[in-house]
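Protein chains: 4
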Amino acid sequence: MRKIQIGIMGSAEDLNYSPAALACAKELGKEVAKKGAILVYGAEKEYSSLSTNAAIEADKNGGITVGVTPGNKKEIYGDFKPTVLIPCGLEMGGGREFTLVLSCDVIIAIGGGSGTLTEMAIAYQANIPIICISGYPGWSKKMANKYFDERKRLKCLEAKTPKEAVELAISRANV
Amino acid sequence: MRKIQIGIMGSAEDLNYSPAALACAKELGKEVAKKGAILVYGAEKEYSSLSTNAAIEADKNGGITVGVTPGNKKEIYGDFKPTVLIPCGLEMGGGREFTLVLSCDVIIAIGGGSGTLTEMAIAYQANIPIICISGYPGWSKKMANKYFDERKRLKCLEAKTPKEAVELAISRANV
Amino acid sequence: MRKIQIGIMGSAEDLNYSPAALACAKELGKEVAKKGAILVYGAEKEYSSLSTNAAIEADKNGGITVGVTPGNKKEIYGDFKPTVLIPCGLEMGGGREFTLVLSCDVIIAIGGGSGTLTEMAIAYQANIPIICISGYPGWSKKMANKYFDERKRLKCLEAKTPKEAVELAISRANV
Amino acid sequence: MRKIQIGIMGSAEDLNYSPAALACAKELGKEVAKKGAILVYGAEKEYSSLSTNAAIEADKNGGITVGVTPGNKKEIYGDFKPTVLIPCGLEMGGGREFTLVLSCDVIIAIGGGSGTLTEMAIAYQANIPIICISGYPGWSKKMANKYFDERKRLKCLEAKTPKEAVELAISRANV
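Residue numbers (numbering that gives the first Met the number 0), protein chains in the order written: chain R, 0 to 174; chain E, 0 to 174; chain U, 0 to 174; chain A, 0 to 174.
Mixed in with the good hints there might be a few duds.
Unchecked claim - Lysine-lysine pairs mimicking DSSO-like chemistry, simulated, CA-CA at most 30 Å apart:
| no. | chain 1 | residue 1 | chain 2 | residue 2 |
| --- | --- | --- | --- | --- |
| 1 | A | Lys141 | U | Lys151 |
| 2 | R | Lys151 | E | Lys2 |
| 3 | A | Lys2 | R | Lys29 |
| 4 | A | Lys34 | A | Lys162 |
| 5 | A | Lys72 | A | Lys159 |
As the list claims (entries may be wrong) - Just some of the chain U residues that point at chain R, by a computed CB distance under 7 Å:
| no. | residue |
| --- | --- |
| 6 | Gly70 |
| 7 | Asn71 |
| 8 | Gly88 |
| 9 | Leu89 |
| 10 | Glu90 |
| 11 | Gly94 |
To be verified - In silico negatives: residues of chain R with every beta carbon more than 12 Å from chain A:
| no. | residue |
| --- | --- |
| 12 | Lys2 |
| 13 | Glu12 |
| 14 | Ser17 |
| 15 | Lys80 |
| 16 | Ser133 |
These are computed hints drawn from the structure, not numbers from a lab.
Don't be surprised by glycine CBs; every beta carbon is placed ideally from N, CA and C.
With the sequences and hints as input, model every part of the structure.
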């Protein structure tokens, strides 16, 4: 059996997330690693993000990490390198996010601007469960306990703590 | 100079749009054709949509239509065939929508479930202007006069009639 | 019924094609337009190609042209603009070529380095007929009258003149 | 530093590869694992391949494997599951192969019909080194010691044994 692949989707640096959101993202990464799951995230070339910080923390805790990056090159921001790096050949802003989300058995969203929203909407359409950390501003807060449309497929589930989010993710993952 | 490529993005059949929304979509298609613009839409294999109806009407009025369809086959729903058919090689639910939206100089959204939301979020990230018809339920109504995130790139512009929407689209298009 | 979408696939400028190959490519474009077919080609940002020259000539002769370009931007090389421009969201070198070839009912190859070879191999796998102009160096010459593998799907058909190539293309197109 | 990601690209089952080619593919997988490299391969839904057999053997020898599969689903052929599964959202026949190859620091080809040829041509265009096992029929044999075009980027390097191929791959990998 495959290990569960959990996507951590969250705000990029330019959205100025709070120290509390950052701490939460790191805790998410640690929890994913502790549970023996694989952490999947979007690796960018020019900046960091809540997701990248989660990945770094998962790595520090012995977890396997998979970075899905846009374009056709293997350069990514910073010194951290994921266990596996996937340049998907698609641009950022919808394409890269598509490969990224499809590679998850479940996603956890935290904060989130337009990129995270795109990832959540893609997950919804692919019937991939979505866990929303609700304590920080962004689409993850706005969509907690809601459906993306009248089709009412999978409701975005709310989690208040990283631990709760990862436990919920593991219980709902499509593996 | 290229003709303006206007994307019409709207609910699929299974979202049970109203006869009024359908009439509006058709009027959008007619207006796009009358203005000499190219209508770009998502063509599906299994069902119709507001967008497909707009395309049919544009075609009836002598307009050029471009259908972007998921997967690698050229079969699409119904008897109508667009002037140009683009099977983009990407699945539906984010990937096909990416090629679709990037191929537009501006998009007009009407109604809209998770698919239309994905298209709007992709357009926002690519700085492609978004015109929201606000009279029918869906993401197009919810996002009218709003930004997708705190980056405040392009605001989703509200239009109340098809004529207003197409005029606004033409005035804002990136060509 | 849709018009036939004929792809013209050929060497980029840096392969130093001959004046004779260039003249042949232009003639291909003219023939496609005269037959009322749509010419599909790969539009690049940094350079011209045999395909772009074919498109320019089709346009001069009143034909509809569709340029499929890599990435997410609408800038392309030179002053010529196709009737429809499709930035597919995929990088060049396999991805863009995938959307490009899938959008053709048949392809005609002329000259051809690794990019054209990729396009031919994609067409073969999608059962899209391939016509090879055999008079100029490149993969189009090498593959004339051959199959791409032991599965022996569609044989690459040889054509000696642009007129013969376009007639053969129209007779074999999957529409 | 990342571990080296080595792609194993080879014939699918329907090309009727020989028992000797199969044994070689398995040995390739074993060598990749023994060297501590990550094995990247194309996982299909309907059939096995030389690549899948290499991955199974790498897994048996404690290696990390990454399967890149077409479409948006996580079902793959057989009981074997790779360490990481990436459904890339692109169809097979060029698109999936694009994400697959871009995710490699170097590729080793064995046998090979049109799919493997596509992968080799993509690698050439992305300046990803290509090692060709030359003892079995297919594009890997045909291209050994050759360039894909007159641009003469990276020559396809010949290897006669799995051990030699993996050592050569590691020495040439872009990491």
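inquiry  = Name the hints, by number, that the structure is in violation of.
reply    = Those not satisfied are hints 2, 5, 12, 15.
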